[in-house]
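Chains as they are written, first to last, in the working numbering: chain D, 1 to 398; chain A, 399 to 625.
If you're looking for bench data, these hints aren't it; they were derived computationally from the structure.
One should not assume that every hint holds.
Calculated lysine-lysine pairs in the DSBU-like style (CA-CA distance at most 35 Å, straight line) [said to hold, decoys possible]:
{"no.": "1", "chain 1": "D", "residue 1": "Lys385", "chain 2": "A", "residue 2": "Lys466"}
{"no.": "2", "chain 1": "D", "residue 1": "Lys385", "chain 2": "A", "residue 2": "Lys514"}
{"no.": "3", "chain 1": "D", "residue 1": "Lys77", "chain 2": "D", "residue 2": "Lys103"}
{"no.": "4", "chain 1": "D", "residue 1": "Lys87", "chain 2": "D", "residue 2": "Lys234"}
{"no.": "5", "chain 1": "A", "residue 1": "Lys525", "chain 2": "A", "residue 2": "Lys578"}
{"no.": "6", "chain 1": "D", "residue 1": "Lys11", "chain 2": "A", "residue 2": "Lys514"}
{"no.": "7", "chain 1": "A", "residue 1": "Lys494", "chain 2": "D", "residue 2": "Lys11"}
{"no.": "8", "chain 1": "D", "residue 1": "Lys295", "chain 2": "A", "residue 2": "Lys466"}
{"no.": "9", "chain 1": "D", "residue 1": "Lys385", "chain 2": "A", "residue 2": "Lys494"}
{"no.": "10", "chain 1": "A", "residue 1": "Lys417", "chain 2": "D", "residue 2": "Lys295"}
{"no.": "11", "chain 1": "D", "residue 1": "Lys14", "chain 2": "A", "residue 2": "Lys525"}
{"no.": "12", "chain 1": "D", "residue 1": "Lys295", "chain 2": "A", "residue 2": "Lys525"}
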Amino acid sequence: MIVSLALRNLKLNKFRTILSMIGIVIGVFAICAMGMVSAGFTDEMDNMITDTADTLTLSPLGEKVVGGHTAVGFSEKDVRNIESATKSVTKEYELVPYYNTYKPVTVGKDLLTASVYGLDSNDMSGLVTLVSGTWPKGGTNVIVGEQFAEDNELRLGSRISFLGVSGQEITCRVVGIMENTGLLTFGIATDSSILGTTEWYSSVVGNNYGLYDKIIIKAYDPEDLALIDEAVDKKMNGKEDKDSDNTVSILNSYELMDIFDEIMNMSSIFTTVISGISLLVAAVAITNVMLMSVKERTREVGILRSIGTYRSQILQMFLYEAGLIGLIGSVFGVALSLIVSPVFMMIMGLEFTAMFSVSVLSYIPLGIVVGLVVCLASGLYPAWKAANLNPVEAMSTD
Amino acid sequence: MDDAPVVELIDVSKVYQMKAGDVYALNHVNFSVRRGEFVAIMGPSGSGKSTLMNMIGCLDVPTSGTIKINGVSTTDMTDDELTEHRLNTIGFIFQKFNLISLLTAYENVEYPLILKYGQRDHSERVKKLLRMVGFTEDRMQHTPYELSGGQQQRVSIARALANDPTFLLCDEPTGNLDSKMSTQIMEILSDLHKQGRTLVMVTHNPETAEYADRVIIIRDGEIVGEE
Ligand SMILES: Nc1ncnc2c1ncn2[C@@H]1O[C@H](COP(=O)(O)OP(=O)(O)OP(=O)(O)O)[C@@H](O)[C@H]1O
Ligand SMILES: [Mg+2]
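Can you make the complete structure from the sequences, with help from the hints?
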């Protein structure tokens, strides 16, 4: 009966109820949407940590003059120097220099542009994983990313062709399919890539005057990775280096992760503040509506009390009202965030499936609980006030 | 125990402290009601009649003195204990009917039943009570706004009887009704008295007071006479 009175009052004042609900809908939506998106991102980043966090990516800085031409890249000597710096830290490492560029490729009738990589056959297994087929050998074998294969209907044995360095058409056979790494990776992003041997790369793209485009160093201990970072930096960019210019830019996955974590923390503080403010506004609105409700129903409370309704039951009646506003409002808020967050995530480059992780979905109960608690807390004072009305005075008001 | 008065006021005073000075709404009142009695209280406006009713009805507490209900003092009772008394032993009938506007006539009568006996099917008893006060069955799902004054007062009598109270308190039950309606309502109250109910009724109207066994006159918070 107490519940039904609360319900009827809400229905009777539909417009006011809906207005007060809007605040809580927005508040809960803010928390959930921002929380879900950042949880989705953090998940994605966490995956990346486990997959590729043991990586230093070295990029060349500055131009070199090779046989009269200017070019950018790592020479064999650079590679040897970097390797010796690495060796000074640990024996357990992998160092892979490779070529990389964008290159037009003909698949069937379509001409597309793909990211192409050339690296030593022995180094391939350290950087990419095959889902089917074999590693490429020689000048006309390639492996392609799963996504690329799917997009272009390529299977093992399919043919694709390039315009080679000397102008002739080079037809290549797909001998393997690489597992997708996603776009966020510290190593080779395989999704839409074509990968072959250095021999193949030289005939298709050229060998960049013998200069590698990038070097990846993997170490299995994060501390070692930091030391290698330091050693390489010292050797290539420090005093030991003969020319004064820096020659290597080093991207340490751990440092990047730290930076990312910092950004995420900052944004979560920001999110919390924004959500906090919107919930505060909602709380004030609900307190206001509840106080109005108490004022309007003072006489009713007096009557209820006079015929034997306990204080605690009056308190309950108003808390039900606040709780109901909270429950309905937060369900709407959560529902709205379930529609909006995946859109945001996809705009920001995440897969739709990123929605279905525990940390993202846990915002559903969290949002509802927070909305409910905020509403109940807002309703507490008005409800307490109603419960403590003097029955005689309450009944004599109009 | 059975001989103890249903209601007994011993030296009861109610003082309102106002800026202009203390107002004695009740001034050392001694008064009791026996089981099965129908007592009317009369007096000019502002004499303290409603204050007295609220004291008896455990809605208000005296500044000094003792009130005993069924021989038990209410002086040291907590709010919850006073509420329990209102729920179990008292039935109120007010001048302004005081029905709950959110509830239908039926639900208004059902409400005290649910409060006292819990949520279950009370339809038999609700219908019986409404029939007893002559409330037309086809109006049961109407809200108070859709009912006439007389109809509302019938519902409120049915509601007052729902918890099977030890006594009924009626504060000017016919004050808002025309004379024809008044007579009908008084007939109902009189019938209740004949069935052995204890009633205390405030009234301005000497004709209405005729129905009572005993009339108490109150003036300026003091009982000045009895007839
Ligand atoms: N809450 C209050 N604060 C101050 N004075 C009050 C309060 N309630 C009642 N009084 C005063 O107590 C006195 C008795 O009031 P009460 O309502 O009992 O009179 P009454 O006999 O019922 O009058 P009426 O016939 O007009 O209903 C009056 O003088 C009134 O002004
Ligand atoms: Mg009065």
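Item to complete: Tell me, in ascending order, the numbers of any earlier hints that this structure violates.
Response: Hints that this structure does not satisfy do not exist here, as all of them hold.
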